[in-house]
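Engineer: Sequence:
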Amino acid sequence: MNKKKKIQQTDKSVKITNPTKTIRKSSTTIKVKPQPKPKSRAKPGSSFQEKDEILVPTTSVSSVFLERFPILSSDFYQIEALDLAPRLLGKYLKKDDVVLQITEVEAYRPNDSACHGRFGITARTAPVFGPGGHAYVYLCYGLHMMLNVVADKEGVGAAVLIRSCAPVSGLETIQQRRGLKSEKPVLLTGPGKVGQALGLSTEWSNHPLFTPGGLEVLDGPEPEKIVVGPRVGIEYASPEHVNALWRFAIAGSPWISAPKNTLRPP
DNA sequence: GAAAAGATTAAA
DNA sequence: TTAATCTTTTCC
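Take the first sequence: its letter number 193 is residue 193 in full-length UniProt numbering, and every next letter is one higher.
Since the hints were derived computationally from the structure, they do not count as laboratory data.
Quick reminder that beta carbons are idealized off the backbone N, C-alpha and C, glycines included.
Hints may be right or wrong, so weigh each one.
Straight-line Cα separation of at most 30 Å, DSS-like style, residue types lysine-lysine; simulated pairs [claimed, not checked]:
(1) Lys-153 with Lys-184
(2) Lys-260 with Lys-181
(3) Lys-225 with Lys-153
(4) Lys-184 with Lys-260
(5) Lys-260 with Lys-225
Label pairs and their calculated CB-CB ranges [claimed, not checked]:
(6) Glu-235 with Thr-211: 32 to 42 Å
(7) Lys-153 with Asp-219: 15 to 25 Å
(8) Pro-70 with Glu-235: 14 to 24 Å
(9) Gly-179 with Lys-260: 40 to 50 Å
(10) Glu-154 with Lys-184: 33 to 43 Å
(11) Ser-238 with Gly-213: 36 to 46 Å
(12) Phe-119 with Gly-179: 30 to 40 Å
(13) Arg-264 with Gly-233: 29 to 39 Å
(14) Lys-153 with Lys-184: 37 to 47 Å
(15) Asn-243 with Ser-182: 15 to 25 Å
Just need the whole structure built from these sequences, with the hints factored in.
Structural biologist: Below, the structure written as structure tokens:
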């Protein structure tokens with residue numbers, strides 16, 4: 001059917017109600033939350049009290065990464081999502097004392113019937129249309145925080161979903177946030193798990209990833225081989241976009257979400 | 001103003 | 001296979 005005509009990117013007639021933009025800043029010191037209940041997530045808006053936190057000096061682990069893998073600049077992201085997605089593989093996500101290596105991603109693009117930007121600019125999706133290099137975090141199924149990296153230039157509605165990561169440091173914090181004492185792929189294979197491990201809420205949406213503090217993306221080793229496949233969980237989209245091979249993963253990595261049997265060499 | 005659906009996960 | 005859980009978007 002003809003469902004493809006309204007997907008055009010909207011003009012300025014759309015009103016943009018400003019999303020809640022309380023960008024939380026965290027210092028370079030490592031924060032350890034003593035409160036032990038990873039089950040009930042803290043309600044957005046009530047950031048955990050500063051006084052309840054135990055501040056620990058930055059460890060050598062972070063210094064090593066900052067030295068060898070510097071934070072990526074804004075320029076890195078100003079390309080189309082299909083190019084940015086595979087380039088994000090192997091890069092590092094850093095927040096608090098947690099460092100994750102990106103192992104699986106999906107590209108979402110303009111004129112893409114699976115992209116959140118398909119309805120134009122809204123309060124939720126405004127960051128997607130902003131300049132590349134910012135986070136787009138949204139609540140999925142009322143439960144899961146999904147982290148995207150906004151791609152391309154301002155005005156273009158494109159982003160890359162982070163589907164899976166491998167743990168690099170901060171394993172205890174990851175396990176505590178996940179409520180799971182495992183080192184196996186079940187810990188971080190899935191977009192909801194990544195968001196939970198990083199301690200994200202929708203307040204982190206639109207957070208710049210190219211400036212020090214809070215959530216950052218650091219440079220990392222380029223993977224030797226990459227596999228591609230159709231994106232996951234978008235059955236509502238048009239066949240053309242359901243079948244598009246816009247899912248990318250590091251070949252051979254165990255840190256990849258299901259289904260794995262749809263991934264092939266490009 | 002009401003209702004359906006969702007870029008998922010964990011447990012039965 | 002299904003419940004959990006709630007915001008966003010659409011429909012009347």
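Engineer: Would you mind marking each hint as holding or not holding in the structure?
Structural biologist: Hints, one by one, checked against the model:
1. Lys-153 with Lys-184: violated, 37 Å
2. Lys-260 with Lys-181: Given that 30 Å is the threshold and the Cα spacing comes to 24 Å, the pair holds.
3. Lys-225 with Lys-153: holds, 28 Å
4. Lys-184 with Lys-260: holds, 16 Å
5. Lys-260 with Lys-225: holds, 15 Å
6. Glu-235 with Thr-211: 32 to 42 Å: holds, 37 Å
7. Lys-153 with Asp-219: 15 to 25 Å: Holds: the Cβ-Cβ distance is about 21 Å, inside 15 to 25 Å.
8. Pro-70 with Glu-235: 14 to 24 Å: Given a distance of about 40 Å, which is not inside 14 to 24 Å, the answer is violated.
9. Gly-179 with Lys-260: 40 to 50 Å: violated, 24 Å
10. Glu-154 with Lys-184: 33 to 43 Å: Since Glu-154 and Lys-184 have Cβ atoms about 40 Å apart, the given range 33 to 43 Å holds.
11. Ser-238 with Gly-213: 36 to 46 Å: holds, 40 Å
12. Phe-119 with Gly-179: 30 to 40 Å: Given range 30 to 40 Å: holds, Cβ gap about 34 Å.
13. Arg-264 with Gly-233: 29 to 39 Å: Given a distance of about 19 Å, which is not inside 29 to 39 Å, the answer is violated.
14. Lys-153 with Lys-184: 37 to 47 Å: holds, 39 Å
15. Asn-243 with Ser-182: 15 to 25 Å: Because 34 Å falls outside the window, the suggested range is violated.
In this structure, the earlier hints numbered 1, 8, 9, 13, 15 are contradicted, and the remaining ones agree with it.
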